[in-house]
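Asker: Could you build all of it, start to finish, from the sequences and the hints given here?
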Amino acid sequence: MVSEPLLAVDRLSRSFGKLVVLAGLDLSVESGGIHAIIGPNGAGKTTFFNLVTGALSPDGGRIRFGGSDIGHLPASRRTALGICRTFQNIRLFGSMTALENVLLGLHCRTRGGLLAPLLGVPFRRSPGEVAARERAAAVLEMVGLAAKAHQSAVELPYGEQRRLEIARALASAPRLLLLDEPSAGMNPQETLELEALITQVNRRGVTILLIEHKMSLVMKLSKIVTVLNFGQKIAEAAPAEIQRDPRVIEAYLGS
Amino acid sequence: MFVQQLVNGLMLGGAYALVAIGYTLIFGVLNLLHLAHGEVFMVGAYVGLALALAGFPPWATLGGAMLAAALLGVVVERVAFRPVRSRGSHVTPLMTTIAVGLVLQHAVVKLYGAEPVAMPTPFASASLELGPVTLSTLQLLILGTSVALMALLEVFLRSTPTGMAIRATAENPTIAGLMGINVSLTIVITFAIASALAGAAGVLLAWNFTGLSPFFGVKVGLKGLAIMLLGGLGNVTGAMVGGLVVGVVEALSVGYLDSSYRDAFAFAVMILILLVRPTGLLGARLQSG
Amino acid sequence: MLSDHAVSILIFAGIDVIMALSFFLPASAGQLSAGQGGFMALGAYTSAYLTVHHQTPFPLALAAGGLVGGLVGLAVGFPALRLRGLYLVLVTFGFGEMVRVLFLNAPAFGGPAGFAGIPPATTIWYVLGLLVVLVYFFTRVSSSRMGRAFAALRDDEAAAEAMGVNATYVKLAAFTAGGVIAGLGGGLYAHYTLFIDPEAFGVGRSLFVMLYAVFGGLASFWGAVAGATILSILPELLRWVKDWREILYGLLVLIMMLVRPQGLLDAAFLARLSARGERAAARG
Chain Y
1 MVSEPLLAVD RLSRSFGKLV VLAGLDLSVE SGGIHAIIGP NGAGKTTFFN LVTGALSPDG
61 GRIRFGGSDI GHLPASRRTA LGICRTFQNI RLFGSMTALE NVLLGLHCRT RGGLLAPLLG
121 VPFRRSPGEV AARERAAAVL EMVGLAAKAH QSAVELPYGE QRRLEIARAL ASAPRLLLLD
181 EPSAGMNPQE TLELEALITQ VNRRGVTILL IEHKMSLVMK LSKIVTVLNF GQKIAEAAPA
241 EIQRDPRVIE AYLGS
Chain E
1001 MFVQQLVNGL MLGGAYALVA IGYTLIFGVL NLLHLAHGEV FMVGAYVGLA LALAGFPPWA
1061 TLGGAMLAAA LLGVVVERVA FRPVRSRGSH VTPLMTTIAV GLVLQHAVVK LYGAEPVAMP
1121 TPFASASLEL GPVTLSTLQL LILGTSVALM ALLEVFLRST PTGMAIRATA ENPTIAGLMG
1181 INVSLTIVIT FAIASALAGA AGVLLAWNFT GLSPFFGVKV GLKGLAIMLL GGLGNVTGAM
1241 VGGLVVGVVE ALSVGYLDSS YRDAFAFAVM ILILLVRPTG LLGARLQSG
Chain L
2001 MLSDHAVSIL IFAGIDVIMA LSFFLPASAG QLSAGQGGFM ALGAYTSAYL TVHHQTPFPL
2061 ALAAGGLVGG LVGLAVGFPA LRLRGLYLVL VTFGFGEMVR VLFLNAPAFG GPAGFAGIPP
2121 ATTIWYVLGL LVVLVYFFTR VSSSRMGRAF AALRDDEAAA EAMGVNATYV KLAAFTAGGV
2181 IAGLGGGLYA HYTLFIDPEA FGVGRSLFVM LYAVFGGLAS FWGAVAGATI LSILPELLRW
2241 VKDWREILYG LLVLIMMLVR PQGLLDAAFL ARLSARGERA AARG
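Protein chains in written order, with our numbering: chain Y, 1 to 255; chain E, 1001 to 1289; chain L, 2001 to 2284.
Quick caveat, the hints were computed from the structure, so don't treat them as lab data.
It is possible that part of the hints are untrue.
Simulated crosslink set (DSS-like; lysine-lysine; CA at most 30 Å straight-line) [to be verified]: (1) E/K1219 to L/K2242; (2) Y/K220 to Y/K233; (3) L/K2242 to E/K1110; (4) E/K1219 to E/K1110; (5) Y/K223 to Y/K18; (6) Y/K233 to Y/K223.
Residues of chain E clear of chain L, computed beta-carbon distances all greater than 12 Å [said to hold, decoys possible]: (7) L1035; (8) K1110; (9) L1152.
Some chain E residues flagged as far from chain L (calculated, every beta-carbon gap over 10 Å) [what the hints assert, rightly or not]: (10) A1080; (11) T1121; (12) V1147.
What you are looking at is a predicted structure, and each value in this text was computed from that prediction instead of being measured.
Using N, Cα and C, we set each Cβ at its ideal position, and we do this for glycine too.
Answerer: What follows is the structure, given as C-alpha cells:
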C-alpha cells in the first residue's frame, strides 16, 4: 500500500516583483525520515520554507500536509496542525528567557486566555502552567540547555541559541520540523552535537526537512536529498548519488 | 459665492500644503514622522506675531518667522531625531518628538497664554474685484506667497545640487552616502527647509484667521499629516495637490458642517487612508528603517 | 486619617495608574495606542449617564462603562490589526479625537458645556480595589500563556505566528482589555470629579497616559505603575512643578528617551530585584 506523503507540494511558484524565486516546484516529503534540501544561494530554499509554513503566500500551486490542502491556512494554524520551523537568522524572543521561549513554543498545545489568570488559586501557579513548565523543562533537557533555563535567550552563546530555537520548535510537538541551516556558524564539535540532536529528534518520530550547506551533515543524516536551483528541482536521490550527479556539481560550480 | 469659497479653499490649501510638504520631506529622508512639526509651525506663527507687534513690515514678519522656524527645526533634529534614529525601537523616536512638541506648545502658553491672540494683518481692508469675485489683497498675498514658495521649492529640488542631494537621500540614504553626499548635513538642510515652510505657513494662516493660539499646531499638524498620507509618503507634488484639495473641501464644507466636525473629517480621512492603502507598500518602508 | 486633600491626590494618582496600565496592556503586545483618552471618555460618559438618568447603582454603571470601553476597543482593534508602529499611533490618536468630537456634539451628554451632576460614588476604596485586582491580574498574566504571547508578538510577530500564536486573536484581546481598563478608569474619574467635559479626555490625556507608561518603562507593568505614580504625585509635592508640568514632563521624557530609553524600570533592574527576592526567600 502506498502511503500518502506527509508533505506534498505541487507546482509551487512565487515571485517577488520581476524576480521569479520558485517556478513550479514539485516536492514530496515522506513521513518518518530526514529529507535534505540543498542548492546554491538564491535557489529558493528559504522561500520554500516560508511558503510551507505560511509566512508567505504562493503565487500558484498547492501545498498538502497529511493529505489536506493547507495553502489557505494562516501560519499559526499550520503550527497547530504540526508544522514548525527554525530560522536561518536566529529569531528568538529577546525579552524572554530560554525557558520562556520554549514555553511560547507550547502556545498551540496549551489553553488559557486573558481571563484564566484571574481565576485559580492566588499565589499559586495554575496546574496548566505547572504542567507546561514541566514539559518545557523536559525539552530543554533534551537539547542540553536545562542549566540555562532562566538565562536571557539572546545572551546565550550562538551554538546554544540555535539549539534553543530547535527546542522551541519541538515544544509545539510537530509532525514535520523544518530546520533552516541549523549548523550555520557552528564549529565542528557543535556540528557533531547538532547531528546527534537531529538524529535523536527524528528517532522520536518527527519528520525532518533540512536546509543545509554543510555536505557532511547532509550525507550523514539524510535519506533523500532534493537539489534546487533557480526555483526548480534539478535532482532528487539518496545522498551518495547526489554527490556524483553531474547536474548538481554543475549547479554548484557554475553559479 | 462658490468661486469665492473656492478661492478661500485654495488659499487655505496652499498653506496646508506647505506644512504637508515639510512632513513629507522629512519622512522622505528619515523614514520617520516628525510629530512636533505642527508645533514648529505654531512657533513660526508666534515669531511672526512678535515681529508684527514690534512693527516690522509684513515681508520681514514672514522672513523672520521662516528663519526662526528653520533654526528651531535644526535644533529639534539635533535633539530629538539624530540621537535616536538609528536605534531599533520605534517607540523612542516617537516619544522624543511628542515630548518636544509638548514642551514647545506649553512654552508658548507660558509666554503668550492659552487664549487666542490677535494677529495684525497687512492690507486689512484693501480688496480687489475680479468679475463676480471679491478678493482681499490679503488673500491674494497669502495665496501668492504659498504658490511662490512651492514653485521655489520645486525648482530647488530639481535643479540645485543640494536639492538633488535631498532627493537622492530620500531615495536611498546608503547609496547617497556612497556617492559622496553628506547625508547628515542633507538631513539637517531638509529639516531647515521643511521648518521654514512650516513657519511661513504659520504666518500665512495667522493672517488668514487674524488670530492664533498655542493649540493651532495640533489641528493644522494633523491635517498636514493627513495630506501627506493622501499625497503619498515622501511625495512632494502629492503633498501640494493634496493640500489644495483638502483646503478646498474644507472651505466648501464651511456652510454645511460645524467646525469641530471639519476637524474630525481630517482625522477620518487620515484613518481611512491608513486602513485602505495596503500597508505592505508603506509599512515596508517604515519597518526597514 | 488622611486629609481630604491627600485622599484626592491618591485617588487621582490611582486613576492615572489605571490609565497607564490600560496603555501598557496593548503596548506589551506591541501595539501603541495614543487613544486611551477616548476609551476613558466612553467609560466616563456611559457610567455617568447611567447613574444620573437611570439611577443605576454605581458598581453596575462602572462595569457598564468598562464594557463599552471593551466593545469599542474590540471594534478599534480590528482595523488596528493591519497597522504597525507609527501608523497605529496615528489611527488611535485619530480615534481619540473623534470620540472627543462625538461627545462635543452630543447634547444628550451635555456637549461642550459638559455633563454635570454626577453623584459622588468613587471612594479611595474603589480605586484601591481596582488597583489591587489589576496588579494581581498583571502579575498573573506576565507568567501565563497569554502574557508570553503578548511578549512574543512584541518581540517578533512573524516568529510568534510561526510558533502558533494567533496574532489576530491575541492583538484583539489586548486592545479589548485595554479598552475595558480605560473605561473603568473613566467611570471612576467621572464619579469623583462629578463633572466631565470632552476636553478632559482629549489629546492631553492620551499623551500623558502614554508618557507615564513609557517613562516608567514598558518592560513590565510595574513601569506603568511607577511612572504614573511618580509623575502624578510630583506636582502635588512640588508646587512649581504644577505650573510647569507639561514643559517639565516633556523635557523629562525627552531626556529619559535619550539617556535611558527603556524607561525607569527596565528588564535588567527588574531581574535584579526578583533575584534578590528569590535569594531572600531562600534564606528566610
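Asker: With d taken as the least Cβ-Cβ distance between E/L1152 and chain L, does d exceed 12 Å?
Answerer: Non-interface label stands for E/L1152: nearest chain L Cβ at 30 Å, farther than 12 Å.
Asker: For E/L1035, which was marked as not at the interface, is the minimum beta-carbon distance to chain L over 12 Å?
Answerer: violated (8 Å)
Asker: Would you mind confirming whether the straight-line C-alpha gap from Y/K220 to Y/K233 stays at or under 30 Å?
Answerer: holds (22 Å)
Asker: Would E/A1080 pass as off the interface with chain L, using Cβ distances and a cut of 10 Å?
Answerer: violated (7 Å)
Asker: Please verify whether Y/K233 and Y/K223 have alpha carbons no more than 30 Å apart.
Answerer: holds (17 Å)
Asker: Would the pair L/K2242 and E/K1110 pass a check requiring their Cα atoms to be no farther apart than 30 Å?
Answerer: This hinted pair holds, its Cα atoms lying about 13 Å apart.
Asker: For a C-alpha distance cap of 30 Å, please report whether Y/K223 and Y/K18 respect it.
Answerer: violated (35 Å)
Asker: For the pair supplied as a hint, E/K1219 and E/K1110, confirm whether the alpha-carbon distance does not exceed 30 Å.
Answerer: This hinted pair holds, its Cα atoms lying about 20 Å apart.
Asker: Checking a non-interface call: every C-beta of chain L should be farther than 10 Å from the C-beta of E/V1147. Is that right?
Answerer: The assertion about E/V1147 holds, with a minimum of 29 Å to chain L.
Asker: Are all C-beta atoms of chain L more than 10 Å from that of E/T1121?
Answerer: Correct as stated: the minimum Cβ-Cβ distance to chain L is 28 Å, above 10 Å.
Asker: Would E/K1110 pass as off the interface with chain L, using Cβ distances and a cut of 12 Å?
Answerer: violated (7 Å)
Asker: Need the status of pair E/K1219, L/K2242: alpha-carbon distance at most 30 Å?
Answerer: The given pair, whose Cα atoms are some 26 Å apart, holds under the 30 Å limit.
Consistency note: the structure conflicts with the earlier hints numbered 5, 7, 8, 10.
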